[in-house]
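Protein chains in written order, with the UniProt record's numbering: chain A, 1 to 454; chain B, 1 to 454; chain C, 1 to 454.
Don't read these hints as lab results, they were simulated from the structure.
Each pair may be met inside one copy or between any two copies, as identical chains are not told apart.
Below, a list of computed lysine-lysine pairs in the DSSO-like style, where the Cα atoms sit at most 30 Å apart: (1) K389 x K129; (2) K406 x K150; (3) K382 x K451; (4) K451 x K389; (5) K98 x K129; (6) K451 x K374; (7) K406 x K389; (8) K374 x K406; (9) K95 x K129; (10) K406 x K382; (11) K406 x K129; (12) K150 x K451; (13) K150 x K382.
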Amino acid sequence: MNSQSMDGSFTLSSELPQVSQLRQALDQRELGRALMELITELYPLCRSLTGNGVRQTLSIIGRNVPLQIHEVPSGTQVFDWNVPKEWNITDAYIKNAKGERVVDFRKSNLHVWGYSIPVRATLSLADLKPHLYTLPEHPDWVPLRTSYYKPDWGFSLSHNQYLSLDDGEYEVCIDSTLADGHLTYGEYYLPGDQPDEVLISTHVCHPSMCNDNLSGIAISCFLARALTESSRRYSYRFLFIPVQIGSITWLARNEAIVPRIKHGLVLTALGDAGFSTYKKSRQGTAEIDRAAVHVLRHSGLPHEVLDFYPHGYDERQYCSPGFNLPVGNLRRAPSGRFPEYHTSADNLQCVKPESLSDSYVKCLDILSILEANKTYQNLNPKCEPQLGKRGLYRMTSDLNGVGKVKELPVLWVLNQSDGMHSLLDIAEMSGFSFDEIKQAADSLTACGLVKVHE
Amino acid sequence: MNSQSMDGSFTLSSELPQVSQLRQALDQRELGRALMELITELYPLCRSLTGNGVRQTLSIIGRNVPLQIHEVPSGTQVFDWNVPKEWNITDAYIKNAKGERVVDFRKSNLHVWGYSIPVRATLSLADLKPHLYTLPEHPDWVPLRTSYYKPDWGFSLSHNQYLSLDDGEYEVCIDSTLADGHLTYGEYYLPGDQPDEVLISTHVCHPSMCNDNLSGIAISCFLARALTESSRRYSYRFLFIPVQIGSITWLARNEAIVPRIKHGLVLTALGDAGFSTYKKSRQGTAEIDRAAVHVLRHSGLPHEVLDFYPHGYDERQYCSPGFNLPVGNLRRAPSGRFPEYHTSADNLQCVKPESLSDSYVKCLDILSILEANKTYQNLNPKCEPQLGKRGLYRMTSDLNGVGKVKELPVLWVLNQSDGMHSLLDIAEMSGFSFDEIKQAADSLTACGLVKVHE
Amino acid sequence: MNSQSMDGSFTLSSELPQVSQLRQALDQRELGRALMELITELYPLCRSLTGNGVRQTLSIIGRNVPLQIHEVPSGTQVFDWNVPKEWNITDAYIKNAKGERVVDFRKSNLHVWGYSIPVRATLSLADLKPHLYTLPEHPDWVPLRTSYYKPDWGFSLSHNQYLSLDDGEYEVCIDSTLADGHLTYGEYYLPGDQPDEVLISTHVCHPSMCNDNLSGIAISCFLARALTESSRRYSYRFLFIPVQIGSITWLARNEAIVPRIKHGLVLTALGDAGFSTYKKSRQGTAEIDRAAVHVLRHSGLPHEVLDFYPHGYDERQYCSPGFNLPVGNLRRAPSGRFPEYHTSADNLQCVKPESLSDSYVKCLDILSILEANKTYQNLNPKCEPQLGKRGLYRMTSDLNGVGKVKELPVLWVLNQSDGMHSLLDIAEMSGFSFDEIKQAADSLTACGLVKVHE
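Make a model of the complete structure from these sequences and hints.
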């Protein structure tokens, strides 16, 4: 298969590195820095389910990968839902009696509730209060609030700011538009040797918050760029969508493609200081689930694996019973468990370059397993073959002790390559890493003792 | 379906409360008091496998529910057994040389071994001793002893009483009859919407002992009365039988009915101060087993679950391999583990009103699950439906934290209602109680998002 | 079936003791002594993959059981391998400048690497060193080393000896032959009531080391002798072979027999002071695996059970995917975990008479289970039969407490004999030992309540 590179030229697939080779050349420190750079550029934009903030975000992503931008008109029916009106905002504030902006959209786009209808009024504090939202337990943080499906308006502010408000009249202004327009999302399809697809989905609808979800956007973007330059068994589809309504819209418009999706990951909140967490797909034992759990277990780092539950991000839609796709969710601290979740404290300090690069590497490791996880056939299944004459026996000179037997991965692959166990199966039962088992399978393939089982 | 109430009038089934609603109106203190009252009334009767004590017991039960009384002639073959002779007793004693009753049946019917043949003799203490039975480890208690299938006679007495017996002659009298007659048992069949049955079986053959098994009799009786006044998906069959030979006799006479039994409980020893114990049916994963375990786990109280073993009460017969019925055993302390087991100390103080009412409520909870445990079909299986427009989203105003997401049971029911998971399945996998999941299913049914899967 | 005894006369099989009865008459102290005696006799011989040491060893075994000796010519192809040349050795030494034998084959055959090619030379210490092998971490022990498949020569010596070597010239002599000849192994086939076979395989190729594997040889030998004198449901095949190449050779020459092998044990290192270890077959849940685990669990002694891994002794070949035979490995300390493994310290003090006899008894217990593990049919499956009239009820007089119910094994066999559970299944689910369950099945068979399920 040939692959068209981003400048339009063609490269022979066989000349490209395998996905598993991508991480070998990685400079993780440089990678973390580059991911932070993209996050920093995206941070100020006022994203929402729809509108120009999303378009600007996709435009920046598009500088990295050739995104296809989709615009779906408001009102379009997508299963049980309708695409909402498009929301845009230019300014918003609360002015006190002295005309001072005591709450100012220009300082933080979190100050205005997402999808606030336009308003311009003068109100007493008492009348204003139902439109104010604070987090008393974190008195310095401005919380995120949205009202996507009920017409409403309001301001979020820190609880300390709220307490400092005097009685008196306030001038409120929300200079927004909520009108028929479009829902915008980006898609990047990267063909591989097979039409079978791996879906990578990330949401682009949260305003100025870094972990949730500029971290997911940046890592998806870098993965897309790296995979473009590697050989691929699978085709890959990257979605940059508004949460829930975005995946619902994509699924509604692409039902014919759904059966091709063999594995998938929803990437969210991958940059905080917490350890890696994988939430299994509804299927629970899908190959993506087993690959992700293997990578986390063999990382040598603390991690958590959660069974599927029908709440969270877009995996809710991919795993609805009418689709039941093998799509899991990789993140660091589970949602709601990093304290800065959905507040102004999810800022540039909340994400760590080393967490971002570590999450990126784990994604690559998971995809490397999917790419290489084949089933082999032992071509000499009766008794062991003579490894010595093929240079596969006792690769070290130390002869004593089973703990030092270097040919064990080779023996495992031979013993279990009966056409019924994949390399990941063999890695799991032997305790070796997928890499060690894959190398053994490669050595055995090279000397003709095993072959891929069709 | 219409239901005939106990006074002969007909009530529309739909007007009756559901089984799950029965416990809401309960006054547990009053219930415990009422159960104690029935136990107190039944306590003095001298019950055995057969005889007038059983008939008197069934007559009192019959004041609560319209029992059908069966009389099976002695000698009737029931599988490998024959119905034994009928035993009745009017008096028994051991008199010392002074003519004093040192052991007196009139003080406790436990003093005479069950099924003692009649005897009238004068014996030396040495000759009497083989006919005396005591419990040295509990020197004040009179132990239960029976000799149903070997003609024998004897007296049980406290070990202290035994030690005080002088050498000398004793006059012994057992004024009993052991002759052809009948085995008597009671049955109450309560039809439901379906011919499929729930079997509730309890033994009525133990003399003056309260936990084993007046507690089981009283709770069965109250359950029967309550279910009579509720709507019922299932038909219910209550058996009040002598242990083992009773269930053997019923099964032998009703083989045609056996296939209708879909769930069953043997109710025994439900009043002691110990925690609730459920012994699984031989099947081990029958719906009754899962329902009972769910109720015990969600009770918030200590409890124990035992795998099936082929010893115990009538579940031995229901779970014999030729029937293998899904019948478990609910009790409190496992038999042999409450110290008063099968002694005179299993008296009115041994049972606690609060244990009785708690056991009753757990029975109701188990039956409520059986009644409501259906499988649903999500009618909008592709992506989530829009819950907000149906009033099912964010039922609280607090937006932060997954722990407070009130629509989670609703999301679980939607996600798992693929026709393959019952509500109990969903409760188990989600960690929610059956009640919470049932309420979610009811809400979703009301707005047409799910329907019962036929 | 009739059985030909070792002197050629015939004995009616029904007159012979069952395998399970063999251990009852055992004097374990005398047994340990006798096993040590055979080991002591075999200890001095210089065994290797091939050669006269193996022939002498088989000749001694042949005094106990009528072995069939097979001689397979060098060069014969056996699957991916060729039978190696035959190696024999008469003398070997390193002499120092004074003509003293500083390393002397006559003191220990471990001093010469197995399969050393003949050599006679005078070398400086520097030139000699690549041909010397020591174990610095055990400076007094002489390690085993072999070079079966690469022409080489060398000496093993204690590290202290090595350190004491002066610079200077050394005369080295290895008076060996490595030439076309034969691979020799012994086989003993013992027919039973069925052609289905139990394979007992042990390796005979290690020079003067007692635990690995004179212990296995001695125990196999005694098992073969005992089984000859017992009735047998299964046929038994004992193999005394050089490790790996021996099992490969046997499998290559006997493919037609392989399907008859229903159970198998590789017996190795059964005499050290460690506790018993069972390594499961590749199948993992084969009957041999379950029987061995049952025996170890019910021994009341510490033990270890290991999942299969494709390294170790001849089970590697029997469990290669082209055969996948239900063959496990019984031993004491897992290989490499007894410190004397593959050194001169694996001497007559390394094996303990009580370990040897205990291992022997465990083998007998495992084989007893295989012989008796049948599935029964309850002939009275509806309700329990009346045990009392058959003398099977309350075998003790104590009536109180479920813990003392003596008929429980009988009830378990009745309850589970539905044609789907073997006696070993019933033992496992009930917690009783196989012996207790077997006795219950025998009692029930005797009174016609169960029969073996065909």
